[in-house]
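Chains as they are written, first to last, in the numbering used here: chain V, 6 to 309; chain D, 297 to 364; chain P, 297 to 364; chain B, 297 to 364; chain H, 297 to 364; chain R, 297 to 364; chain S, 297 to 364.
If you are wondering where the hints come from, they were derived from the structure by calculation, not from laboratory data.
Treat the hints loosely; a few may be bogus.
Simulated crosslink set (SDA-like; lysine to any residue; CA at most 25 Å straight-line) [stated by the list, open to error]: (1) V:K182 <-> B:K311; (2) V:K272 <-> R:N330; (3) B:K308 <-> R:A339; (4) B:K311 <-> B:N345; (5) V:K111 <-> D:S319.
Pairwise CB distance ranges, derived in the manner of DEER restraints [to be verified]: (6) V:P138 <-> S:D347: 51 to 57 Å; (7) B:E348 <-> R:N345: 23 to 29 Å; (8) V:T169 <-> S:E342: 51 to 57 Å; (9) D:E348 <-> V:A90: 39 to 45 Å; (10) P:K311 <-> V:E84: 33 to 39 Å; (11) R:V344 <-> B:D314: 33 to 39 Å.
Fair warning: this is a prediction, and the values are worked out from it, not measured in the lab.
For each residue, glycine too, the CB sits at the ideal point set by N, CA and C.
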Amino acid sequence: MNAEAEVHHSEHIPQWKKDEIKKIVDGVHSHKVVGIVDVRGVPADSLQKMRRNLLGKVEMRMVRNTLSTIAFDSLPEGEKAKELAKYVDGQMLIVYTNDNPFKLYKLLNATKSKRAAKGGDIAPSDIVIPKGPTSFKPGPLVGEFQQVGIPAGIEGGKVVIKDTKTVVKQGEKISAKLAEALTRLEIMPIDVGLNLMAAVEGHMLYKPEDLGMDEDLLRDMFAQAAAHAFNLSIEAGITTKDTIEPLIQKAVMESKALAVNAPIFEKDVMDLIMSKAEMEMLAVAKMVAGKENALDDELKAKVQ
Amino acid sequence: MEYVYAALLLHKAGKAVDEAGVSSVLKAAGVEVNEARVKALVAALEGVNIDEAISKAAFAAAPAPAAA
Amino acid sequence: MEYVYAALLLHKAGKAVDEAGVSSVLKAAGVEVNEARVKALVAALEGVNIDEAISKAAFAAAPAPAAA
Amino acid sequence: MEYVYAALLLHKAGKAVDEAGVSSVLKAAGVEVNEARVKALVAALEGVNIDEAISKAAFAAAPAPAAA
Amino acid sequence: MEYVYAALLLHKAGKAVDEAGVSSVLKAAGVEVNEARVKALVAALEGVNIDEAISKAAFAAAPAPAAA
Amino acid sequence: MEYVYAALLLHKAGKAVDEAGVSSVLKAAGVEVNEARVKALVAALEGVNIDEAISKAAFAAAPAPAAA
Amino acid sequence: MEYVYAALLLHKAGKAVDEAGVSSVLKAAGVEVNEARVKALVAALEGVNIDEAISKAAFAAAPAPAAA
Chain V
6 MNAEAEVHHS
16 EHIPQWKKDE
26 IKKIVDGVHS
36 HKVVGIVDVR
46 GVPADSLQKM
56 RRNLLGKVEM
66 RMVRNTLSTI
76 AFDSLPEGEK
86 AKELAKYVDG
96 QMLIVYTNDN
106 PFKLYKLLNA
116 TKSKRAAKGG
126 DIAPSDIVIP
136 KGPTSFKPGP
146 LVGEFQQVGI
156 PAGIEGGKVV
166 IKDTKTVVKQ
176 GEKISAKLAE
186 ALTRLEIMPI
196 DVGLNLMAAV
206 EGHMLYKPED
216 LGMDEDLLRD
226 MFAQAAAHAF
236 NLSIEAGITT
246 KDTIEPLIQK
256 AVMESKALAV
266 NAPIFEKDVM
276 DLIMSKAEME
286 MLAVAKMVAG
296 KENALDDELK
306 AKVQ
Chain D
297 MEYVYAALLL
307 HKAGKAVDEA
317 GVSSVLKAAG
327 VEVNEARVKA
337 LVAALEGVNI
347 DEAISKAAFA
357 AAPAPAAA
Chain P
297 MEYVYAALLL
307 HKAGKAVDEA
317 GVSSVLKAAG
327 VEVNEARVKA
337 LVAALEGVNI
347 DEAISKAAFA
357 AAPAPAAA
Chain B
297 MEYVYAALLL
307 HKAGKAVDEA
317 GVSSVLKAAG
327 VEVNEARVKA
337 LVAALEGVNI
347 DEAISKAAFA
357 AAPAPAAA
Chain H
297 MEYVYAALLL
307 HKAGKAVDEA
317 GVSSVLKAAG
327 VEVNEARVKA
337 LVAALEGVNI
347 DEAISKAAFA
357 AAPAPAAA
Chain R
297 MEYVYAALLL
307 HKAGKAVDEA
317 GVSSVLKAAG
327 VEVNEARVKA
337 LVAALEGVNI
347 DEAISKAAFA
357 AAPAPAAA
Chain S
297 MEYVYAALLL
307 HKAGKAVDEA
317 GVSSVLKAAG
327 VEVNEARVKA
337 LVAALEGVNI
347 DEAISKAAFA
357 AAPAPAAA
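Just chain V, same shape as in the assembly (with noise of 0.2 Å):
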């Protein structure tokens, strides 16, 4: 209703863009989660083919800059999506899905590759150039390498890289020159894909970095926090089907532990007590080994 009132005011706009426009507003409250994705750089072959894969969970419109603002201004107060607006730049088109933004984020990363990078790019991270050897014949690349930084040298009929060294750091322009030379060496440092820029649910907007949850990290988590429940389950003495057996043992354990360095004269562990008092004397014996006469021949031999 929003979005009449402002083609109200907006007299001159034609039916097709109010047309455009009331889609992007019935989508947004049509979904639980609506978002603005940047697609720069990715060509249409591909976005086709990630439309395709998307299909059924991630709905993707491409819509004029101008539109998308103004269908996301015409949203009432108070409505979250609204504050999309300040997203729109660039080459982007807007996502819906029935999702969680969580989920959204995931699938709209694994859609992510690599490619090389052309002059004018920018370094989405620090490229760093590995030192060693390249498969590359000596010739003028050596100083095509040096030229933009790279500390490139030969060695043993090879050109080869001397030293780790950053070549461009995180937000910097890549030149015509050195993306050449990355790509000679096979450094395909820029992403492309679908890059969720922002995402609304409800009344909460997500940036990407709130959305990348690690997922080792969190299987590690879970690894510790099973550990802790385990380490004081045992501490305490917290006798549960899952840690009985573990109590038995360190029970026992600790019993033998005490049996054989108290001593105490158990005929369970008499042989462990024997076997550590020989350890002992053979350990000293093995200190005094090479002095005159100190041991017999039959410890020294042990000992030697």
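We have chain V already, so just place chains D, P, B, H, R and S on it with the hints.
Just chains D, P, B, H, R and S, lined up with the frame of chain V:
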């Protein structure tokens, strides 16, 4: 870590580890629930096999056969 | 183990690990609470430094032979 | 841990590890017996082959990386 | 091992490991008490730091590969 | 451990490891002998193949497993 | 190895490891004493930190099956 404990509790109890469950367990423990974190946890669990994760480390402390 | 997770959750949340707390956390998880188990848990944890206990290797008696 | 030792002691002595037995051993040691813990112990031992568990202790020396 | 179990039970319960204590624990477990063994046990533990002793590698070392 | 060394000494010297022998070796070392421990030692060694037990210590020379 | 056993016996008993001590312990065990060896051993042990030597090696290795 509270969120992970809550998830493990639900999991061990044979319940679904969903937003409602995690939130209500946390609330019962007096934790002020951060909805985004709950959502993030539940979403991330789609790709995590909890039993596998805990079997890796948790009971490594125990004698292997006993823990089995 | 649910009971232990409930205790850990309360502890991490800075709450007392008492019968009422453990019970309400378990209930929130949909667990049918066994009062005797709750009592046993709380009793076992009495006087235990939980932070210390959770980080202790469960089988201290085990290896470290070289260090011995 | 005293509860576990009481159970082991009874078992070694060839007695049944039941609530009455555990309680009386603990009492003899001057321990104020917590009934819930005794119950939990006996319940946890149901179906457990204690001799087998004991024999596994020999190999229980594996270090606890997770706990570390 | 009953005697050692009895000693550790007392120790874990925070009680002194003396002849009277060990004897009464053993009796409560239905063990026919051998006084000389009780005396030997108590004598062996004199001056021993039990907590330290039990946390030391018990088995003159579980062989690494077997434990793996 | 002095009791164990006394036993090992007697054994190596080809003497019987009995109460009289252990006591007199200990006395010669100036040790105040505890009869109960001597009895316990001799009793515990009954049926134990000492040569076999100490031959296991041969591995001691190699500190490899300890480092593991 | 009787000589080293005797030395360790004295050391563990908290006595000085000197010629008189080693000789009398050996004699009590029925060993015919070689005085030169006693002298050599006592001299060799001078400056050796026996406790350190023992603690390094004590748990270096152990019989897997024995522990079972």
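Each hint, compared with the structure:
At most 25 Å may separate the alpha-carbon atoms for a hinted pair to count; K182 of chain V and K311 of chain B exceed this at roughly 85 Å. Under the criterion of a C-alpha separation no larger than 25 Å, the hint pairing K272 of chain V with N330 of chain R is consistent with the structure, at around 19 Å. A threshold of 25 Å between alpha carbons decides the hint, and for K308 of chain B with A339 of chain R the separation of about 19 Å falls inside it, so the pair holds. The straight-line distance between the Cα atoms of K311 of chain B and N345 of chain B is roughly 14 Å, inside the 25 Å bound, and the hint therefore holds.
A distance of roughly 22 Å separates the Cα atoms of K111 of chain V and S319 of chain D; the hinted pair therefore holds under the 25 Å criterion. Range check, P138 of chain V to D347 of chain S: Cβ separation about 54 Å, and the 51 to 57 Å hint holds. Distance hint check: the CB atoms of E348 of chain B and N345 of chain R are about 26 Å apart, consistent with the given range 23 to 29 Å. Between T169 of chain V and E342 of chain S the beta carbon distance is about 55 Å. The supplied range of 51 to 57 Å therefore holds.
Checked against the hint of 39 to 45 Å, the pair E348 of chain D and A90 of chain V passes, with Cβ atoms roughly 43 Å apart. For the hinted restraint 33 to 39 Å between K311 of chain P and E84 of chain V, the CB-CB distance of approximately 37 Å keeps it satisfied. A beta carbon spacing of about 35 Å between V344 of chain R and D314 of chain B agrees with the range 33 to 39 Å that was offered as a hint.
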